[in-house]
Amino acid sequence: MVSFFLKRLLLLIPVFLAVSVVIFMIVHLVPGDPIDNLVQINSSPEQKAALAAKYGLDKPLYQQYAIWLGNALTGDLGDAIILRRPVADLIAQNIPHSLSLGALALLFSTVVGIATGALAAIYKGSWIDRTTMTLILLGSTVPSFWLGLLLIMLFAVQLGWFPVSGARSWDALILPVLTIGLGGVALVARVTRVAMMETARKDFVMMLHAKGVPPWQIELRHVLRHALLPVVTILSLRIGWILGGAVTVEFVFARPGLGSLLITSLNQRDYPVVQGALLMLAIAVMLGTLLGDIIQAAMDPRVREGIK
Amino acid sequence: MMAAFEPIKTAIRSPRGGASAAVLLLVVACALFAPLIAPYAYDIQNLPGSNAEPSAAHWMGTDEFGRDLMSRIIYGARTSLTVAVTAISISVVAGLSLGAMAAYFGGWFDRTVTAVVDLTWSFPEILIALILIAIIGPGVGSVMVAVSIAYLAQFTRLTRAQIMALKNETFVEATTNLGAGHFHIIFRHLLPNALAPVIVAGMLATGDAIILEATLGFFGLGAQPPTPSWGAMMSSGTAQIFIAPWIIIFPGLAIAMTVISINLFGDALIEALDIRNRLRSV
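Line order of the protein sequences matches chains A and B. Residue numbering for the first sequence follows this note's numbering, starting at 140 and increasing by one per position. Residue numbering for the second sequence follows this note's numbering, starting at 2 and increasing by one per position.
Some hints could be false.
Facing chain A, according to a computed beta carbon distance under 7 Å, are these residues of chain B, among others [unchecked claim]:
1. A22
2. L128
3. T216
4. I244
5. W247
Simulated from the structure, these hints should not be mistaken for laboratory data. All C-beta atoms, glycine included, are put in the ideal place defined by N, C-alpha and C.
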């Protein structure tokens, strides 16, 4: 298990390097002099020269990349142009909000998704199944930002149950989690339902029925347990996707977080912040995928041993 | 060539396929004939009549500049469909070529393509699109490029899997022995047999691309005002959420209806072509 973990961790290094090259190149690929994309407005020529020296802008590109990456790895992501603060501070301030939202949304998607998917599979063809299938279709086709806005209109504006936006109290998390969650629930429920229906056709399930094991016990103890493997696989592949949902939803609910920070700085062309936020989001996605791999390996020895 | 239309006919004959095809036709008609269908011009402002609720004169109400919302939604179909269809078409063609060549030639080319595809695979499309927009800047053209690259991995992967399954078939061996060149084999024999699943996946991805385009538009990174785009319309509606919720409700409904129809029709096509297993193998 430890060697599996280390192998996966090592595999992430080239991925990280590739992604960081692309993110590094942003300031060089956008039109204009890189220094103008990095320096604060109204800076003096001396300040510009100091920054150019710090980033080694007179050196070849690969050396500049090495300097930038070295700085980034030691927590120096430069200074924000508009907000005039170290990017690392901004990120440190925003990460906890994104983490709590992402983690809760993931938990919600998993628990509610498995429960609904299992109910739909057990009561196959009934109104529960049909309602779930409709919900799945809606959850995977309705744009999450629109869903978020609808929830705001209904529960915050009309009913006044939750705050419209921001992150000042815990209940401000409920609508954003529901918004990301519905898409996640749809995904997890769909996989759970299909996996359970496929498992239910297997011989050992028929054997259990023949032995006279109560149906609910078969469904919960045996069928669901077997069906959880593909669910974990899909979840591990899609953790990044759920985190990506957080980017959109933070912006809709005007919540602080990496996503809001990224969108705002993109609109303001505040490139040091854009780079920092993208780098952190990319790392989050990579770590999320790693976490998914580990959970999958813990559940299934075949994954651990690399057997196909 | 007529045989290619048979599965589409079968799909339309199923109740879901028929209903969704009808909705899709309506959306496409809106996009193509917007000036003929829309009751007003999309950019005529009427400030005294701003944020008016739905009425006989304005079926879907007006926005914060008093512009007719329904007309803007009809014109918005143009932006959404143009971006999504163009981006996905580019992506499908590029994915087909890359995937086919990777599978057929193997070796370092295949390893490089697979490595890049696997690299982008784990990242959500929205993040890839945002990275690209950070580089090329906001706008409709940028969104098209971003969307087409964001989905490239999916089609390359799918095509590669199809060709891998086909390339050792006897008919390929026979064609090779007859002296056919690589490109003849790829484009005349392998790709036509691999096409159906990729095209259906492309159709389903068009739905996702419409949502991605709308999301980027909502962020203010897509079509710039006054060009109507479903996402950007909702974005300006957030400021009026307390007084004019219809500015948010109707464009969202347009997106949801379009995307649900695309998914239902795609599903009907999958049934008609009997390719569910070939799509799932990826």
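How about I244 (chain B): closest beta carbon in chain A under 7 Å, or not? Since the shortest Cβ distance to chain A is 10 Å, the answer is violated.
Holds or violated: the hint that W247 (chain B) contacts chain A, with Cβ atoms closer than 7 Å. Not OK, violated: W247 (chain B) not within 7 Å of chain A, min 10 Å.
The hint names T216 (chain B) as touching chain A; please verify it with the least Cβ-Cβ distance against 7 Å. 6 Å, holds
Hint check: 7 Å Cβ-Cβ cutoff, A22 (chain B) to chain A: 16 Å, violated
L128 (chain B) was flagged as interface toward chain A. Is the shortest Cβ-Cβ separation under 7 Å? With a minimum Cβ separation of about 5 Å from chain A (threshold 7 Å), the hint on L128 (chain B) holds.
Checked against the numbered hints above, the structure breaks hints 1, 4 and 5 and satisfies the rest.
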